[in-house]
Amino acid sequence: MTEQEIIKCLLGARTKLGAIVWGILRDYHTTEDILQDVVVKALERKHQFENDKLLMAWARVSCRNAAIDIGRQKLNRKNLLKSAALDALESDLHSYPSETLDAKVDALLHCIKSLPEKTRSIIQARYRDEQAVGEIAQLFGQSLDATYQVISRAHRRLRNCVERRISSSS
Amino acid sequence: MKNIDQDLLITRYLDDQASDEEVDILNQLLETNLDTRDRFLSATTQAFMIAQGVTELDQRKKSFPVRKAVLFSTLAACLVFALITVFSLKTELPLKPEREEGIARLIDSGGQVELPSIDRLFSGDTIKTLGANSFLKIEFRDGTVLHLNGDTTATVTGGKQKKLLLHVGAAALSVSPQPINFPLLVTTPVAELTVKGTSFSVLSDRTQTHLEVTEGLVDLTRVVDGDSVLVEEGQYSIVDANDDEDCWVKPIPLVSEKWNADFRSSFRSMVQYGVHDEHGIREGPFENGISGIALENVWTGGDYAYFKLGENSKLKVRLKMDQPSWLNFFVLYRSPDYSFARPQTCLYQDENWWKGLKPGEWRTIEIPLTNPKFTEEDIFMKDNVPIGWYSFALFMSSGQETRGLVIEKMWIE
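Read top to bottom, the protein sequences are chains B and X.
Taking the numbering used here, the leading residue of the first sequence gets 52, the next gets one more, and so forth.
Taking the numbering used here, the leading residue of the second sequence gets 2, the next gets one more, and so forth.
Treat the hints as calculated values from the structure; they're not laboratory data.
Using N, Cα and C, we set each Cβ at its ideal position, and we do this for glycine too.
Mixed in with the good hints there might be a few duds.
[Stated by the list, open to error] Here are some chain B residues pointing at chain X (derived, C-beta under 7 Å):
1) W73
2) G74
3) Y79
4) K169
5) V184
6) A188
7) L190
8) G192
9) V201
10) I202
11) S203
Construct the complete structure from the given sequences, taking the supplied hints into account.
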């Protein structure tokens, strides 16, 4: 594969790879570092990838191993998902056609905008600003449990909204 | 494992706060349950996307990193805010008119009411309407109109941001466009409403808040857990402090001049409160001296006793009694647009309905609704309830023992 083909393929799979790495690490900056590192390493080994499938298989394993290593050593994550659970997640995720995932991402952008203002602020504080739920609870003057409820409901509402949009467009 | 809130479990894991046991459960679910994997991947994809700052559609088009864009926007906003603040300080130096004139004025009232001042309200005033028949109508300086129904207590604050603390009772508001960043806030014991400019009604007690939006948009938040929904024009929501379910919105049901209730299949579920049993209406006092059964809707919702009063509306009731007696029928109406916020109660009774009724004989009585025997006396409405008003509750009472009463069905024609 040429350098251009490798970059195009990995950028196209960025959301898939990022979702798994983020799910392991729960840290945006480290996830970004790993994704960039994988691109650099892939370019260094460009001659070993004959096609997209080989590249993606290697990228998935590299991302996952790096995430687990960094999660344990640097981020001191106590609880990491087991291999069997990660296998099942990766299998599901990579069975999505790219177009489906693109459609989901587009739908998600609309759905985030339709969230009530306070809910949107809370999930942005959690994921964009990377504040811990405890900090957010203090910031918004509500209990920790209530804040967890808001975030989990936001995930549920976004998922339902994305499904509705995709099914209505198809 | 059936009762696990999977979304909550995933959220706790993503915050690195899940216990060992919870992570074990999550691992097990992820290995075996496609739905859990879908929820997990959905949550991590959402989180990853939000973390990248792509929560605003137009930010995707920026050529420089999103976080820088956010920083620049924030700095620009701060600068604008600072300029506005400096400018405002200069222009607001004269005495604010609300110090003399108050933040709102009383434009109407009925029944017994309590106001700190005779005809105007100052920030922090608490106002009360005492008794079901009382009401208050208040206009803020920007034209926002507040109706308080009977038995309602509220505190109002003004200035740049208006706030209404509805301790208990019902209110209808028609809100003028509010200043940017200073929406009108309505707080009840269980919910917070953020309003930028709209018309809506809100009814609240200690555990429930009913919101119906007739125009515009209201952001409704449940106080106990912060769950919130946007209630749009033509929608309503009921927030209950004890409800474990997500907040919801539903379209306001269309009201028609037709309505029917068939008690043969679902008698109990249709009776919202009151005294009843299989044998009939009991004698004796029950709240305000009424003994009876009730079909009730508070403002809207459900299919019961919700209809529009037509020119020739008749309530028909098919019933029988083992010991023939008589009944009073009451219908509570409200104005469809909340321009008259207080409900109106009509009593219907006619001794001819019961003449010659034999024990166990089925009879259908016909009640012309536009011709009540008595309408609550009110300074605005001495006549009958206007055509087009909505019924939202219906109940029956009797001063006599009516053992063996069976109502098979009721309907409006």
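- Task: List in ascending order the numbers of the hints, as given earlier, that are violated by the structure.
- Result: Of the numbered hints given earlier, those the structure breaks are 6, 7 and 8, listed in rising order.
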